[in-house]
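Given chain A's structure and the hints, the job is docking chain P onto it.
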Amino acid sequence: DVKVTQSSRYLVKRTGEKVFLECVQDMDHENMFWYRQDPGLGLRLIYFSYDVKMKEKGDIPEGYSVSREKKERFSLILESASTNQTSMYLCASSPQSGSLRSGTQYFGPGTRLTVL
Amino acid sequence: AQKITQTQPGMFVQEKEAVTLDCTYDTSDPSYGLFWYKQPSSGEMIFLIYQGSYDQQNATEGRYSLNFQKARKSANLVISASQLGDSAMYFCAMREVNAGNNRKLIWGLGTSLAVNP
Chain A
1 DVKVTQSSRY LVKRTGEKVF LECVQDMDHE NMFWYRQDPG LGLRLIYFSY
51 DVKMKEKGDI PEGYSVSREK KERFSLILES ASTNQTSMYL CASSPQSGSL
101 RSGTQYFGPG TRLTVL
Chain P
1 AQKITQTQPG MFVQEKEAVT LDCTYDTSDP SYGLFWYKQP SSGEMIFLIY
51 QGSYDQQNAT EGRYSLNFQK ARKSANLVIS ASQLGDSAMY FCAMREVNAG
101 NNRKLIWGLG TSLAVNP
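The listed protein sequences derive, respectively, from chains A and P.
If you're matching positions, the first sequence starts at 1 in my numbering and goes up one per residue.
If you're matching positions, the second sequence starts at 1 in my numbering and goes up one per residue.
With the rest of the complex left out, here is chain A (with noise of 0.2 Å):
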């Protein structure tokens, strides 16, 4: 089975703090994601990886960064996090094959991040 971990359940950090968010996957899949979730807003994309040291960016990634030093890990970095950064960070990956079912991604369980 696939598994995706992520460095922390739920986090409470401060304003202006710089917030590591880490992942790891076990199954050698060149893509992985990170995504924040918000009520009524569904997922979102911030960053993505397809590869050791590439990056591109998502849909919004205005406030964040990203680190992918070594195929399994990929780390989310909030450099000054704010109020409106809580929320729900959710990473996954995913294989990279000429099949259409390559595209599943697999999902860690969740950080849920509150910044005060």
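Simulated from the structure, these hints should not be mistaken for laboratory data.
Ideal placement from N, C-alpha and C gives every residue a C-beta, glycine not left out.
A few of these clues could be false.
Unchecked claim - Cβ pair distances, simulated, as ranges:
#, chain 1, residue 1, chain 2, residue 2, range
1, A, Q96, P, R72, 41 to 51 Å
2, A, L116, P, A71, 35 to 45 Å
3, P, T5, A, K3, 39 to 49 Å
4, P, N67, A, D59, 25 to 35 Å
5, P, D26, A, Q96, 17 to 27 Å
6, P, N98, A, V52, 23 to 33 Å
7, P, A18, A, G16, 48 to 58 Å
8, A, G40, P, G85, 33 to 43 Å
9, P, S41, A, R73, 21 to 31 Å
10, P, A99, A, E62, 35 to 45 Å
11, A, G40, P, I46, 32 to 42 Å
12, P, N98, A, V12, 42 to 52 Å
13, P, P30, A, K57, 37 to 47 Å
14, P, E17, A, G16, 27 to 37 Å
Chain P alone, transformed into the frame defined by chain A:
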């Protein structure tokens, strides 16, 4: 325009009955995949079922089946014999193979399902 539309924000079903969750999609790409996920209150997104645009038969996975009507661009999830543990948010998503970025999934806003005992 929304590419994935889930018109039912909330649904109720009696335990042991079947329920259909609607999903319509909009794409001009002939090669696409459709996915359904379940999100219980714990927060984790769980992959349920997949349907490819070229698949001739409707996908089935246990109690989950997908009513795929390509001409109508709908991919409704059918849950048979509902259980209390089926109470969750359900999301429909699509991947367009020939899109500029074909690694992304396009998500609907979800349907909240409550199973009543």
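| Which of the listed hints are broken here? | 1, 2, 3, 8, 10, 11, 13, 14
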